[in-house]
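Undergrad: Sequence:
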Amino acid sequence: MANKGQKKGQDDGLNDQMRVRRDKMQALRDKGIDPYGHRFDRTDTTAQLHEKYGEMSKEQLEKEHVEVAIAGRMMTKRGKGKVGFADLQDRDGRIQIYVRKDVVGDDNYLIFKKADIGDILGIHGDVMMTDTGELTVRASHVTFLTKALRPLPDKYHGLTNVEQKYRQRYLDLISNPDSMDRFKKRTQIVSAVRSYLDGNGFLEVETPVLHTSAGGASARPFITHSNALDIDLYLRIALELHLKRLIVGGMERVYEIGRVFRNEGIDTKHNPEFTELETYAAYWDLSDVMTETEELFRSVSNKVLGTGKITYQGQDVDLDKPFAREHMVDAIKRVTGIDFWTPMSTEDAKKLADEKGVHYEDFWQTGHIINAFFEQFVEPTLKQPTFIYGHPIEISPLAKKDPKDPRFVQRFELFIDGNEYGNAFTELNDPIDQRERFEAQAKEREEGNDEAHGIDEDYVEALEYGLPPTGGLGIGIDRMVMLLTDAPSIRDVLLFPTMRPEKKLSEDEL
RNA sequence: GGGUUGUUAGCUCAGCUGGCAGAGCAACGGACUCUUAAUCCGUGGGUCCGGGGUUCGAUCCCCCGACAACCCA
1 MANKGQKKGQ DDGLNDQMRV RRDKMQALRD KGIDPYGHRF DRTDTTAQLH EKYGEMSKEQ
61 LEKEHVEVAI AGRMMTKRGK GKVGFADLQD RDGRIQIYVR KDVVGDDNYL IFKKADIGDI
121 LGIHGDVMMT DTGELTVRAS HVTFLTKALR PLPDKYHGLT NVEQKYRQRY LDLISNPDSM
181 DRFKKRTQIV SAVRSYLDGN GFLEVETPVL HTSAGGASAR PFITHSNALD IDLYLRIALE
241 LHLKRLIVGG MERVYEIGRV FRNEGIDTKH NPEFTELETY AAYWDLSDVM TETEELFRSV
301 SNKVLGTGKI TYQGQDVDLD KPFAREHMVD AIKRVTGIDF WTPMSTEDAK KLADEKGVHY
361 EDFWQTGHII NAFFEQFVEP TLKQPTFIYG HPIEISPLAK KDPKDPRFVQ RFELFIDGNE
421 YGNAFTELND PIDQRERFEA QAKEREEGND EAHGIDEDYV EALEYGLPPT GGLGIGIDRM
481 VMLLTDAPSI RDVLLFPTMR PEKKLSEDEL
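Per the UniProt record's numbering, numbering through the first sequence is continuous, rising by one, with the last residue being 510.
No false leads were mixed into what you were given.
Each computed DSSO-like pair below joins lysine-lysine, with the alpha-carbon atoms no more than 27 Å apart:
(1) Lys80 / Lys101
(2) Lys101 / Lys82
(3) Lys113 / Lys31
(4) Lys333 / Lys404
(5) Lys321 / Lys309
(6) Lys269 / Lys321
(7) Lys184 / Lys52
(8) Lys185 / Lys52
(9) Lys101 / Lys58
(10) Lys383 / Lys303
(11) Lys101 / Lys155
(12) Lys185 / Lys309
(13) Lys82 / Lys58
(14) Lys101 / Lys113
(15) Lys303 / Lys184
(16) Lys113 / Lys24
(17) Lys333 / Lys401
(18) Lys101 / Lys77
Just so you know, the hints here were simulated from the structure itself, not pulled from any lab data.
No experiment lies behind these values; they were computed from the predicted model shown.
Please model the entire structure based on the sequences and the hints provided.
TA: Pasting the structure below:
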């Protein structure tokens with residue numbers, strides 16, 4: 001699609017509009033005007049003008065005669081012979097400009113007259129109010145800053161072609177203010193997350209993206225190669241194991257917001273690379289992390305949106321109220337009537353799964369099946385923020401056992417509107433237990449689970465020096481942004497989502 | 001992995017039962033000194049996603065492929 005414009009039209013590969021714009025660019029050069037100009041001093045952004053002068057009267061503005069300089073992309077244009085109006089757009093919004101031939105002069109007016117929608121202009125002028133009450137900059141001089149050689153998307157409908165929005169995000173940002181707003185909010189959300197954690201004694205750190213073994217989560221990694229070391233390396237699938245090494249090292253409270261990579265399916269909730277937040281705090285347990293998680297969502301929402309009461313895809317969600325807390329086994333019992341507190345063999349559990357139509361793999365044990373029951377029957381019903389805790393040990397190789405019932409671990413996940421938003425545990429700090437969990441994972445891998453963890457000897461060695469009791473948390477930042485900006489797809493909160501390249505035929509394919 | 005839908009001018013979209021490819025915006029020429037999806041008159045612009053097939057004739061029907069969106073596992 002991106003190449004479409006280059007292939008159509010005449011022999012030069014240009015369509016009529018592109019040809020006209022190139023001609024206009026040359027015409028500017030011929031007049032001694034650089035179509036790709038230089039620095040331009042702005043006095044205000046469009047938003048600042050609306051803020052400062054939007055409430056003033058026509059007469060007041062006329063009297064004060066405020067001289068300003070603004071710059072932006074011309075989005076619309078309304079000519080009227082010897083006078084013209086246009087809307088200039090900058091990062092924060094738009095403002096109308098008013099250009100009169102008798103004010104700017106014949107030559108300068110011609111520059112405005114010949115300028116195309118999409119060109120970037122600088123305007124010196126004074127602030128006025130039109131008869132219809134629109135705040136406007138009356139130009140005293142038009143400075144040409146950048147020629148756009150391609151036409152912009154439809155000025156009224158914007159860019160709606162989803163594929164093109166993702167592949168050419170800049171066009172989406174230019175023509176769809178909602179999209180621009182969402183990405184600004186994303187920045188504010190990440191900033192608010194940092195602000196909360198920085199204010200609670202956490203140290204932001206950076207750990208390696210290239211790992212010698214991919215651990216900390218269940219996922220297939222991307223593999224790459226180091227020429228210098230002549231070894232294969234894995235792009236990280238989680239931040240966990242390095243951050244906990246830093247807790248061993250005495251940093252006590254650390255967090256990282258970083259890109260992780262999982263070589264798995266792509267859909268509305270998954271992109272191969274995404275941004276994860278993980279935090280670790282020494283001497284905390286699960287209840288501390290629940291408090292942290294709750295405060296984090298609440299404070300970020302209130303800081304960025306000014307409220308904790310939000311709507312996600314039609315579902316009202318209240319982040320201000322205390323989040324519900326329920327044990328996974330209790331939740332399954334509440335919804336299905338099936339009681340997994342009763343000790344049962346793998347065979348018994350598989351029989352229950354057959355009866356209820358729950359799919360399972362050969363290598364699954366009771367814990368895997370409990371989790372499948374939860375995902376199938378309970379997860380979609382959790383609309384308001386709910387902590388589900390007490391996961392089966394089989395699916396949680398890095399969490400500390402529940403001292404009262406070693407079938408389960410001290411772990412929780414946060415669910416809102418049927419989706420998972422956070423995953424946390426009291427960290428397993430017993431190196432002997434950790435080695436056994438890794439060995440169980442290695443066995444699972446042999447039995448066909450290619451997402452199972454490998455044995456990370458170096459990490460076990462770190463634990464042998466002593467990891468203090470620690471509470472850890474992982475939150476998918478992209479999902480959080482989706483929730484707070486009411487985005488239906490993860491691609492709507494990623495500036496450049498992963499896309500398959502458009503097919504280009506190579507020589508040997510022809 | 002399976003299913004459904006989509007791909008037509010720079011953008012947004014029509015296109016009937018298979019019969020010369022259409023509109024709005026954008027562009028070009030002209031008129032217009034407070035317009036705002038400016039208006040009025042005129043003009044140009046197409047590899048109908050790609051490749052095969054059926055047919056006198058295919059944007060349309062059939063097959064294969066590309067990319068995307070949505071749903072399901």
